[in-house]
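Construct all of the structure, not just a fragment, from the sequences and the given hints.
Top to bottom, those sequences are chains A and B. Be aware that the first sequence starts at 67, since it is given in my numbering, and climbs by one per residue. Be aware that the second sequence starts at 67, since it is given in my numbering, and climbs by one per residue.
Simulated from the structure, these hints should not be mistaken for lab results. Careful: at least some of the hints might be erroneous.
Copies of the same chain look alike in the list, so a pair counts if it fits in one copy or across any two.
The list that follows gives simulated cross-link-like pairs (lysine to aspartate or glutamate, EDC-like), each with its CA atoms no further than 20 Å apart [what the hints assert, rightly or not]: (1) K153 <-> D255; (2) K153 <-> D337; (3) K281 <-> D318; (4) K153 <-> D318; (5) K219 <-> D336; (6) K281 <-> E356; (7) K153 <-> D136; (8) K153 <-> E181; (9) K219 <-> D105; (10) K219 <-> D236; (11) K281 <-> D136; (12) K153 <-> D286.
This is what each chain is made of:
Number of protein chains: 2
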Amino acid sequence: MDLPVIQPRRADLGPPVFPTIGIVGLGLIGGSIALAARDRWPSTLVIGVDRADVLETAMRMHAIDVGASDLNVLAGADVVILAAPVKQNVALLAQLAEYLERPAVVTDTGSTKREILAAAAVLPERLTFVGGHPLGGAAVGGLAHARPDLFRKRPWILTPEPGTSATAVDALSSFVAALGSTPSVMPADEHDRVLAFLSHLPQLTAGALMGVVGKAVGADGLALAGRGLIDTTRLASSPSGIWRDITASNADQIGPALDALIAVLQSLRDDLPAAGRLEEVFADAAAWREQLTTRSTL
Amino acid sequence: MDLPVIQPRRADLGPPVFPTIGIVGLGLIGGSIALAARDRWPSTLVIGVDRADVLETAMRMHAIDVGASDLNVLAGADVVILAAPVKQNVALLAQLAEYLERPAVVTDTGSTKREILAAAAVLPERLTFVGGHPLGGAAVGGLAHARPDLFRKRPWILTPEPGTSATAVDALSSFVAALGSTPSVMPADEHDRVLAFLSHLPQLTAGALMGVVGKAVGADGLALAGRGLIDTTRLASSPSGIWRDITASNADQIGPALDALIAVLQSLRDDLPAAGRLEEVFADAAAWREQLTTRSTL
Chain A
67 MDLPVIQPRR ADLGPPVFPT IGIVGLGLIG GSIALAARDR WPSTLVIGVD
117 RADVLETAMR MHAIDVGASD LNVLAGADVV ILAAPVKQNV ALLAQLAEYL
167 ERPAVVTDTG STKREILAAA AVLPERLTFV GGHPLGGAAV GGLAHARPDL
217 FRKRPWILTP EPGTSATAVD ALSSFVAALG STPSVMPADE HDRVLAFLSH
267 LPQLTAGALM GVVGKAVGAD GLALAGRGLI DTTRLASSPS GIWRDITASN
317 ADQIGPALDA LIAVLQSLRD DLPAAGRLEE VFADAAAWRE QLTTRSTL
Chain B
67 MDLPVIQPRR ADLGPPVFPT IGIVGLGLIG GSIALAARDR WPSTLVIGVD
117 RADVLETAMR MHAIDVGASD LNVLAGADVV ILAAPVKQNV ALLAQLAEYL
167 ERPAVVTDTG STKREILAAA AVLPERLTFV GGHPLGGAAV GGLAHARPDL
217 FRKRPWILTP EPGTSATAVD ALSSFVAALG STPSVMPADE HDRVLAFLSH
267 LPQLTAGALM GVVGKAVGAD GLALAGRGLI DTTRLASSPS GIWRDITASN
317 ADQIGPALDA LIAVLQSLRD DLPAAGRLEE VFADAAAWRE QLTTRSTL
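Structure below.
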């Protein structure tokens, strides 16, 4: 027998920014948005779109109120959040107008922003698109790792096109702030440039490094590895599918980032064994690392 | 008033492998060897050589019994452990014969092994040199972070020259095993090649990456950083002095390691935006990363 769950009363929650929330893709990010929204506004209706087995898990986690595997269910949503991989979000965007008849704010949670912003040009006027990117900070993906505090004190970048309704941007900003995040607004091209360095370059570097080291020393050699290699290659267990999309949609920014890193590595290589360049690179790195640990909220 | 410290009796400790231990350089490694040896064999005499202020700290930590700032104090040692930076160890080695009149085993704890092994050729026959490298695994250096369990279940590589007395190698191996480590024997050139990939390449990569990212996005951009950049650049706060020595003494192995990484990064760059190469690199990386987490004792 299932006992009824008694919800504790929460004081002063304020009215929901969006009474009905639609989330397409219930992975780590989509699932955490659902949990955070329900936590913040118990009266909000949370609609999830995903495969049947994912929806069942989301129901069991009390992450969503309604779930379906097609977009019909989103008809009454005040906000639709596309939380699938980048390329899928772009494809979904083209289908939304058919299902959303009422005015709504549409956003996404993808790691690159120019491509989806360009794709959003097809939306009819009643649907206002504001690109979004929550920088959650969890290492492991999937609904099973979703949690309502994933966004607490973490940045959430919004990338509206110039001329986007300020009402929509403000509403979305209030919404993501209420989920615990620290929203900021940035042009899409600046977002994609900054993220190429902050996220995409470290990801490619960790993958390249892990392969080079593994191939050179073999499994027995890896048994001798210290904390340094373990930390430096932690990203190397990320699934390649998500990263193929991200890389493809941000290639023009990732290219120069890779060039910059290759140039520094080549300068260290050319300076061996004198290693004067090394002191320069290390002093620079230590100073930036200090800034990183001071500034990051992780 | 200082109260006398009552040492608890330890059961079945066995006789010390080396009744008198000399340690030159009381940083994280030297200090941890001192603490581990005293913990293992309370009757062993531990002699430390370092600056006066470091010796005072080591005394307060009960890491050493006797301390001095010159090598005279090592006269009665059965084993001398050089735990200073690589270049200093090489310089110290040339002076040891003058101070050590009795037969003794001499070892070091440096991260590269060929240079010190070559330098050890100057030692008289009564002093048997066996290169050593404990892979401790702590992120922060300095005596303040020393602890007796630093080496527990961690690899400790010994690199004797061919023809070195098996008695000396066995004694040193028993000694480091008694400190909690897992000793293994490897030729010095193989050690230096493997460590160029396992340790030196990740270190240079983390430094190069941190500088490139910091310069591109600035301090405000770093505030947006996620766990990925933080993990990938953790090594970038390492002091450059130690790494200048390591790089200079292993340049011929680090060069090809850098070349291999640059080649993979360049192949990823050349394949943008198609990103077919990316899937290959990521699949490879994920497989090696799995081996790394399975094999490492950290």
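Okay, the hints, checked on the actual structure:
Taking identical chains as interchangeable, the C-alpha atoms of K153 and D255 lie at most 20 Å apart only when both belong to the same chain, with a minimum of 18 Å there against 48 Å between chains. In this assembly of identical chains, the alpha carbons of K153 and D337 lie at most 20 Å apart only when taken from different copies (19 Å versus 42 Å within one copy). In this homomeric assembly, K281 and D318 come within 20 Å of each other (Cα to Cα) only across copies, at 19 Å, whereas the closest approach inside a single copy is 29 Å. Taking the closest pair of Cα atoms, K153 and D318 come within 20 Å of each other only inside a single copy of the chain (17 Å); across copies the shortest separation is 44 Å, beyond that limit.
For the identical chains of this complex, K219 and D336 are neighbours neither inside a copy (43 Å) nor across copies (38 Å), given an alpha-carbon limit of 20 Å. Within a single copy, K281 and E356 get their C-alpha atoms only as close as 32 Å, which misses the 20 Å cut-off; across copies the closest is 13 Å, which meets it. For a Cα distance limit of 20 Å, the shortest separation of K153 from D136 inside one copy, 17 Å, qualifies, whereas the shortest one across copies, 67 Å, does not. Taking the shortest Cα distances, K153 and E181 sit within 20 Å of each other inside one copy (9 Å), while across copies they are farther apart (53 Å).
For a Cα distance limit of 20 Å, the shortest separation of K219 from D105 inside one copy, 16 Å, qualifies, whereas the shortest one across copies, 44 Å, does not. Taking identical chains as interchangeable, the C-alpha atoms of K219 and D236 lie at most 20 Å apart only when both belong to the same chain, with a minimum of 18 Å there against 55 Å between chains. For the identical chains of this complex, K281 and D136 are neighbours neither inside a copy (44 Å) nor across copies (45 Å), given an alpha-carbon limit of 20 Å. In this assembly of identical chains, K153 and D286 lie within 20 Å of each other by CA distance neither inside one copy nor across copies; the values are 39 Å within and 29 Å between.
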